[in-house]
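Asks: Sequences are here, hints too, so could you generate the full structure?
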Amino acid sequence: MSTKKKEIPVSGMSCAACAIAVEKTLAASPGVKQAAVNYANHSALVEWEEETTNLEDLKKRVQSSGYDLLIENLQQEELEKLQWEAHQQLKKRTLYAGLLAFPVFLIGMFWMHMPFGNYIMWALTTPILFIFGRQFFIQAWKLGKNCQVNMDTLVAMSTGIAYIYSTFNTFLPEFLLKRGLEPHVYFEAAAVILFFILLGKTLESGAKAGTSDALKKLMGLQSQELTVLEKGQPIPKNTKDVKVGEIILVRPGQKIPLDGTVTEGSSYVNESMLTGEPLPVLKEKGQKVFAGTINQEGSFTFRAEQVGDQTLLSQIIERVKAAQGSKAPIQKTVDKVAGIFVPTVLAIAFLTFLIWGFSGVDDAWLKGMLALITVLVIACPCALGLATPTAIMAAMGKGASMGILIKDAESLEKGKKIDVLVLDKTGTITEGNPQVTDKHFDGSWTEMDFSILKAMEEKSEHPLAKAIVHHLSEQDDTIPLTKFKSETGKGVMASFENKIYRVGTLKWLKEEGVRENEAILDWGKNAVNEGASVVFVSKADDLIGAIKISDPIKAGSKEAIHAIQEMGIEVHMLTGDQEKTASWVANRLGIKNYRSETLPQDKADYIKTLKSQNKTVAMAGDGINDSEALSLADLSIAMGKGTDIAMEVAEITLVHSDLKQIPKTLQLMRKSVRIIHQNLFWAFIYNIIGIPIAAGILYPAFGFLLNPMLAGAAMALSSVSVVSNSLRLR
Numbered sequence: 001m002s003t004k005k006k007e008i009p010v011s012g013m014s015c016a017a018c019a020i021a022v023e024k025t026l027a028a029s030p031g032v033k034q035a036a037v038n039y040a041n042h043s044a045l046v047e048w049e050e051e052t053t054n055l056e057d058l059k060k061r062v063q064s065s066g067y068d069l070l071i072e073n074l075q076q077e078e079l080e081k082l083q084w085e086a087h088q089q090l091k092k093r094t095l096y097a098g099l100l101a102f103p104v105f106l107i108g109m110f111w112m113h114m115p116f117g118n119y120i121m122w123a124l125t126t127p128i129l130f131i132f133g134r135q136f137f138i139q140a141w142k143l144g145k146n147c148q149v150n151m152d153t154l155v156a157m158s159t160g161i162a163y164i165y166s167t168f169n170t171f172l173p174e175f176l177l178k179r180g181l182e183p184h185v186y187f188e189a190a191a192v193i194l195f196f197i198l199l200g201k202t203l204e205s206g207a208k209a210g211t212s213d214a215l216k217k218l219m220g221l222q223s224q225e226l227t228v229l230e231k232g233q234p235i236p237k238n239t240k241d242v243k244v245g246e247i248i249l250v251r252p253g254q255k256i257p258l259d260g261t262v263t264e265g266s267s268y269v270n271e272s273m274l275t276g277e278p279l280p281v282l283k284e285k286g287q288k289v290f291a292g293t294i295n296q297e298g299s300f301t302f303r304a305e306q307v308g309d310q311t312l313l314s315q316i317i318e319r320v321k322a323a324q325g326s327k328a329p330i331q332k333t334v335d336k337v338a339g340i341f342v343p344t345v346l347a348i349a350f351l352t353f354l355i356w357g358f359s360g361v362d363d364a365w366l367k368g369m370l371a372l373i374t375v376l377v378i379a380c381p382c383a384l385g386l387a388t389p390t391a392i393m394a395a396m397g398k399g400a401s402m403g404i405l406i407k408d409a410e411s412l413e414k415g416k417k418i419d420v421l422v423l424d425k426t427g428t429i430t431e432g433n434p435q436v437t438d439k440h441f442d443g444s445w446t447e448m449d450f451s452i453l454k455a456m457e458e459k460s461e462h463p464l465a466k467a468i469v470h471h472l473s474e475q476d477d478t479i480p481l482t483k484f485k486s487e488t489g490k491g492v493m494a495s496f497e498n499k500i501y502r503v504g505t506l507k508w509l510k511e512e513g514v515r516e517n518e519a520i521l522d523w524g525k526n527a528v529n530e531g532a533s534v535v536f537v538s539k540a541d542d543l544i545g546a547i548k549i550s551d552p553i554k555a556g557s558k559e560a561i562h563a564i565q566e567m568g569i570e571v572h573m574l575t576g577d578q579e580k581t582a583s584w585v586a587n588r589l590g591i592k593n594y595r596s597e598t599l600p601q602d603k604a605d606y607i608k609t610l611k612s613q614n615k616t617v618a619m620a621g622d623g624i625n626d627s628e629a630l631s632l633a634d635l636s637i638a639m640g641k642g643t644d645i646a647m648e649v650a651e652i653t654l655v656h657s658d659l660k661q662i663p664k665t666l667q668l669m670r671k672s673v674r675i676i677h678q679n680l681f682w683a684f685i686y687n688i689i690g691i692p693i694a695a696g697i698l699y700p701a702f703g704f705l706l707n708p709m710l711a712g713a714a715m716a717l718s719s720v721s722v723v724s725n726s727l728r729l730r
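Residue numbers (full-length UniProt numbering): 1 to 730.
Misleading hints may appear alongside valid ones.
Claimed, not checked - Distance windows between CB atoms, simulated:
no. : residue 1 : residue 2 : range
1   : 614       : 681       : 22 to 32 Å
2   : 556       : 730       : 21 to 31 Å
3   : 344       : 224       : 43 to 53 Å
4   : 552       : 485       : 27 to 37 Å
5   : 611       : 447       : 49 to 59 Å
6   : 71        : 556       : 46 to 56 Å
Honestly, the hints are just simulated from the structure, not real lab data.
Every residue gets a Cβ at the ideal spot worked out from N, C-alpha and C, and that includes glycine.
Replies: Written as structure tokens, this is what we have:
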């Protein structure tokens, strides 16, 4: 049964409890396999079975619970416009509410006995509640009809009770006067509470927009217009209309619109927006260019190879979106708390009201009502709901701007626990672009044998084979080989004119019964002592040649490994190379733990062994032969210029394939988790301290009862402080 997965904007959410309610509604819908709702970016990531349900059905179900799904295929610009308009409307309502609330506050606090003061406050407070703050009451009513509660319920009940009680005392004061009670009014509490809540929402809305700034910048790199060359003539075209194979002209200063290969001309290209590296890179004929990067001074043409959503930039944007919408494991606990939080607060508020009412103190029921209102106002779960997702959004966006793609929030949490980092050598520690620097064959080797060697290596998937093919580029590769066989991690063999040829490791050739040649072995040992890799060649069971291949260590590898070790993380190296080469590289870089001549299954076994020692293991690699080990590691890191398989398996992709990005990644992950924990601490501690004080726990000892207006200000401040703390990641 086919499934579909999509991120859908959600409207009507005002707190974490709303997100839980929408998520439960979606998850309970027939045909929905999984649903995750993110309160921070007001979206739902839903996977559903197309034969069982559709978006219209899901929309109706969400609407029945008081919210809405925006299922129209809105472009990012349209969504941003809707969000901007909503933010502007919220700012206006907040401004108008503030202008009316200020005189109500002055009259209620300082001029309460002025003539017609109660009527003036009633006239000013009424539009604050039912015009500028009406969404709280509308949403609370919708949810109430479905036996659901959220932050809007708390706001509507607290301000509604204060307003109704004050209105009654304004128009029917004699009811309490006949019973010897003063008919107090609390219009200032209702008005100022709503103003503070609207102000908090406005500040929160603006701050939340900041957490996705990096993603917006990435989207802004996508070019909409380009110039295609047709029969040598420049033709303007929309990017989405371009097909694979078309030739595109890039002028100085232009953004490169798609991925492809340079066909003519050369220029320096700024790739910092994708890789985090500030220095421009020279692009010449045959080299790759990527969408979103910026051409400098020169002009060139390139052939489009990846178009639409297949470009690297588009894939990065989709991965960042998915990552920002994912949930950290700790969020599951937060969700459970948020799900029962509002009902618990309502129970505490009414229990507070009853305890005060029967306490026997002066104006007991009046104080009880004020305590009830204060508890309802101060106990907003917004900070709790924003604590994790805002930090995740900021972290993922920051990572993307540095050329670090983090798969999901769970991967983010894993980064803090890493004890051991295992590095593949070729392409990770070294350049991954090995070159033949020397070769040595005995006198029986001929030009025809070189052609056979090239034809064999053409069929091999090993990185070193490419170096040999490149070195023998002048040789004929159309030799009709028979009995070709590839032994992963060992070498290749083939037959030509009834003679068996083998190319691979010395160990493997010996296993195959190849006769040794002392001169070839001595030459190979010297090459290995110089840090090179050596591939041995046999013909008809005789060892007759060796090829020296060097893969230089990447600039910055030593610095990066030292930085990782400084973080208290062990660094291990695995390689399929010979012992001497592995030892030379390890010694140069200060790596104490390494393993040479490892096959793919050996790498996987090595990871299993480390994990069996209760170590949390990260693995970084770039090849097909790393994919099994990457999948077994607790945290997998793919070098971006490696294979698609490695990147598909990995939880982190480094776009630039620079080892120096790994310590930066681990530092970002550690800081992100630290900020999440800080946010959750302050969100929880705010409620743990605030609710008892609001209920009046300090009254018996100090005679202190928290003013509902101060509670409203504290509630607004809590949400803004959590979001602001998350923005430190930027």
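Asks: Hints first: check each against the structure and report whether it holds.
Replies: Hint-by-hint comparison with the structure:
1. 614 to 681: 22 to 32 Å: This hint holds: roughly 28 Å between Cβ atoms.
2. 556 to 730: 21 to 31 Å: This hint holds: roughly 25 Å between Cβ atoms.
3. 344 to 224: 43 to 53 Å: The hinted range 43 to 53 Å holds for residue 344 and residue 224, with Cβ atoms some 50 Å apart.
4. 552 to 485: 27 to 37 Å: holds (31 Å)
5. 611 to 447: 49 to 59 Å: holds (51 Å)
6. 71 to 556: 46 to 56 Å: Holds - the Cβ-Cβ distance for residue 71 and residue 556, about 47 Å, lies within 46 to 56 Å.
In the structure shown, no violation is registered for any of the earlier numbered hints.
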